[in-house]
Amino acid sequence: MNDSKNDIAWQKIFDKHGIIAKVLATNYHVINSNDINEFREARLMTKFDHKSQLPKLFSDNNFSILPVSRGSYIIANIDTFHNFGNEEEVEIIKINFPSDLESLDFKDITSESTAINCAFVTKILHDFIEEEELHPTVSGRMSSSSFEFKINSVNDLLDVKVENSQIEIDGGFEGEKSLNLIEAKNYLSKDFLVRQLYYPYRLWKSKMYKNVRTIFLTYTNGVFHLREYLFEDVKYYNSLKLIHQKKYVVTQGAINLELIQEILNKTKVVSEPQIAFPQADSFERVINLCELLKEKGTLTKEDITTNYDFDERQTNYYSDAARYLGLVDKKIENRQIVFFLTKSGREIFNLTILNRQIEFAKIILSHLAFKRSLELYFSKSGVPSRYEIVEIMKNSQLHNINSGSTFNRRASTIMGWINWIMSLIEE
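If you're matching positions, the sequence shown starts at 4 in the working numbering and goes up one per residue.
Don't read these hints as lab results, they were simulated from the structure. We treat Cβ as the ideally placed atom computed from N, Cα and C, and that holds for glycine. There could be a bad hint or two in this list.
[Claimed, not checked] Simulated restraints, written as ranges between beta carbons of each label pair:
#1 E336 to D6: 20 to 26 Å
#2 T254 to N422: 20 to 26 Å
#3 D111 to M425: 23 to 29 Å
#4 E265 to F100: 24 to 30 Å
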């Protein structure tokens, strides 16, 4: 795999300043933005919202980085991220969208700020926070003020002091009992940077008598997923604990078993494209990649890998999966591979969320291996075994699969996408 621009620049910085040796000797190294800017803009070199985005040198040495002032950063063997973990059954609540609003379209949420606005006007936030009245009060960039904290390190705990670092709050809503600080993302990920909740929490905890609550909001494909985290020890960065979570969807109608069976029976099979059969187990992430392309227009491989929670292999797998379905295409632009939505992809994202899900199901089932696997699902009233799916694949004239291990890996994708279709059914 080719090194990214960040990888190359950080290698030069580590070499010039002897950072590995300094961290080994003193447990940390503080670097200022001028030293980073010499090789590449610090803003681009220090923004890592997910562990997968860390440069290779950081990953290889178990390092991470945090801002400690307006122009300086601490590099150390510290635990800065928190995994969402394996998602258990989460309560899903149907909500109505106000019919008299013309300037806000819940079918076209392409930014974190729009997602927060929708969550506010639909009373999602009120329900989750359990406050009858909420007022938008704080948001945007501001100074963190000064505070100290402990963070998990290879050598037990490391003491860190912050002096007026810049922070950004996506949304802050005050009610009678609490101030609620919201970090929002319009894409799926395995983990998040705790700093995005912790630094704002420390700032407002020092200013408020009311309870300060921290909430992580994810919006994708019509679903608002809210998680509330509690810092059990105010001065301990890694003391956060998930205490509350819910999912909300806008009511538009329902998909039942009969409709899925009708789609299965009526959808015609297309010829297999000359694209490798997908290795992308999460269909939600395929959709999410398409949503990001709808928002941005085009994205390069490096854009996807650098800015979202995809490593380089996943970028290849999920972009190829979207291309396999005819939702995404690619071209060469400025000597880089650039991805964009096809006409079919753009048309799907102009539909209501409900009709969008139906069209996704039709596109998946237009491919023989998926169609036969769902037919078997219904005939045996359960998910087919991996062996059964592999046998279906071997008889489906798939492109570029020539070994047993490859069949097995790709079978996971079929199982994942079939389970996604079945998850659309509302009892």
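Hints, verified against the model:
1. E336 to D6: 20 to 26 Å: At 21 Å between Cβs, range holds.
2. T254 to N422: 20 to 26 Å: Since the Cβ atoms of T254 and N422 sit about 23 Å apart, the hinted range of 20 to 26 Å holds.
3. D111 to M425: 23 to 29 Å: holds, 27 Å
4. E265 to F100: 24 to 30 Å: holds, 27 Å
In summary, this structure violates none of the numbered hints.
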